Amino acid sequence: MIRIRVQPEVFNAGQEIEAITCDRRDVGAVVNFLGYVRDFNERPDVVALTLEHYPGMTEQSLHEIAESAQARWPLHAITIIHRIGRLTPGDPIVLVAVASAHRQAAFDACNFVMDYLKTQAPFWKKEHSRSGDYWVAARHSDSDAVRRWENANE
Amino acid sequence: MTKLTHIDSKGQAHMVDVSDKALTARSATACASIKMRPETLEMIMTERHAKGDVLATARIAGIQAAKRTSDLIPLCHPLMLSKVSVEFEADPELPGMRVYATCKLAGQTGVEMEALTSVSVAALTLYDMCKAVDKHMVIGEIQVLEKRGGKSGDWCLSSEVSAVILDSTATSSSRARVSAPEIRVRFFAHLREQVQRDECLINCQDLPDEVTVSVIIQWLTAQDACLAQAFANDSLLVAVNQTMVDRNAQVQPGDEVAFFPPVTGG
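Chains A and B supply the protein sequences, listed in that same order. Every letter in the first sequence is one number past the one before it in the numbering used here, and letter 110, counting from 1, is 110. Every letter in the second sequence is one number past the one before it in the numbering used here, and letter 73, counting from 1, is 73.
Bear in mind the hints are in silico, worked out from the structure with no lab data behind them. The model shown is predicted, which means the values in this text are computed figures rather than measured ones. The beta carbon of each residue, even a glycine, is placed where N, CA and C say it ideally should be. Treat the hints with care, since some could be wrong.
Result set (DSSO-like, lysine-lysine): computed pairs, CA atoms no more than 30 Å apart in a straight line [stated by the list, open to error]:
no., chain 1, residue 1, chain 2, residue 2
1, B, Lys104, B, Lys83
2, B, Lys35, A, Lys126
3, B, Lys21, B, Lys67
4, B, Lys10, B, Lys21
5, B, Lys83, B, Lys21
6, B, Lys35, B, Lys67
7, B, Lys135, A, Lys126
8, B, Lys131, A, Lys126
9, B, Lys35, B, Lys135
Using C-beta positions, here's what the derived DEER-type ranges look like [unchecked claim]:
no., chain 1, residue 1, chain 2, residue 2, range
10, A, Asp133, B, His14, 55 to 61 Å
11, B, Asn233, A, Val146, 17 to 23 Å
12, B, Asp234, A, Val146, 16 to 22 Å
13, A, Gln7, B, Val133, 25 to 31 Å
Could you build the full structure based on these sequences and the hints that come with them?
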């Protein structure tokens, strides 16, 4: 089961895990990744950020990433929630929850989903700092992270 | 060659004597366009502007201007206008606002100068109302669309040029456009700010038969310096119909092509 949501509202990680595991007896592991807004990034004094996305393509892209993970590992469920709009340091920004019978598949798949989300899903962050606003630059380390999954495929 | 009516036999400017001309019902419609950022257009349409109702103010300005035309244009007769109407049409493709003014009177001279003055001042007022949020607005395409009554009879711009200019603004009575296959190009994030627009439409008739993403980039680069500079950055990503592709990918009429910087979510 794949659940994808792109929303300005805050999410509740506990409820999302509950939604995955209720009525099931075959889930042995749920691995959850929660991303938060930091008060330092490219500049040390980030006061807020604004997330822009490409409506339609974003949901489709997240769905394809979840399907790739399902094709690779035996998974029971994947939930991806990403927030958009203006967020401030300390706010949760992204949730990836993966359920499987065993922990290794859930750990790997969660990692995989985040690596692809960071390089494929059309989101862009603009950070607002005390010294001005700027668009966050993509990191090479994120592309490298994806490449290791591609290499593992061969 | 047609004679210039405001120059006399000695080559001097003069006001034409219309005393003997018949009193007829006359009207003229003119238009102007004002290009602006899509955000500015949206702000006007949703009436969120800090200066208040932009269109209501510009409409009054257009009506006042029509009445003052003879004060501004040296050889123009003062006219007893019987009707001035000013209309606005949001055009997301421009992107911006089109202003239409129609002036009427029962009189002895034409009213196209009044209609032209009206749309000009209405456009200037739009600029004045919005300049705090958008300094890149461009006023243009000020022209007469239609003239009725008088000795020279009825005249309509659209009947002369609509066959040639697909995208021209027709008269208010036939404002529908000839539809042509188009490719919608969208811009996101930093790129959107650089090119100062959310999207643009490319008429497929302006492109070769075989269209790839590279062809679209070439076309965009040739449009203006702003686009050329933004597309000099080869790290830009591209999606056709919301799927990421490379620059050799084919593009068909009706497709949506999106350009954006490397993504930074998560």
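Hint by hint, here is what the structure shows:
A distance of roughly 5 Å separates the Cα atoms of lysine 104 (chain B) and lysine 83 (chain B); the hinted pair therefore holds under the 30 Å criterion. Taking the CA atoms of lysine 35 (chain B) and lysine 126 (chain A), the gap is near 26 Å; set against the 30 Å cutoff, the hint holds. Note on lysine 21 (chain B) and lysine 67 (chain B): the hinted pairing holds, with a Cα-Cα distance of about 22 Å set against a maximum of 30 Å. Simply put, lysine 10 (chain B) and lysine 21 (chain B) have alpha-carbon atoms about 23 Å apart, close enough for the 30 Å limit, and the pair holds.
For a cut-off of 30 Å, the pair hint linking lysine 83 (chain B) to lysine 21 (chain B) stands: about 21 Å separates their Cα positions. Proximity of lysine 35 (chain B) to lysine 67 (chain B) is assessed by CA-CA distance (about 26 Å); at most 30 Å being required, the pair is judged to hold. Using a Cα cut-off of 30 Å, the hinted pair lysine 135 (chain B) and lysine 126 (chain A) holds, with the two alpha carbons roughly 22 Å apart. Distance check on the hinted pair: lysine 131 (chain B) and lysine 126 (chain A) sit about 25 Å apart at the alpha-carbon level, within 30 Å; holds.
Among the hinted pairs, lysine 35 (chain B) with lysine 135 (chain B) is consistent with the structure: their alpha-carbon atoms are about 11 Å apart, no more than 30 Å. Evaluation of the 55 to 61 Å hint for aspartate 133 (chain A) and histidine 14 (chain B) yields a pass: the beta carbon distance comes to about 59 Å. Between asparagine 233 (chain B) and valine 146 (chain A) the C-beta distance comes to about 21 Å, which sits within the given range of 17 to 23 Å. Under the hint 16 to 22 Å, the C-beta atoms of aspartate 234 (chain B) and valine 146 (chain A), about 20 Å apart, fit the expected range.
Here the CB-CB span from glutamine 7 (chain A) to valine 133 (chain B) is close to 28 Å, well matched to the stated 25 to 31 Å.
Checked against the numbered hints above, the structure violates none of them.
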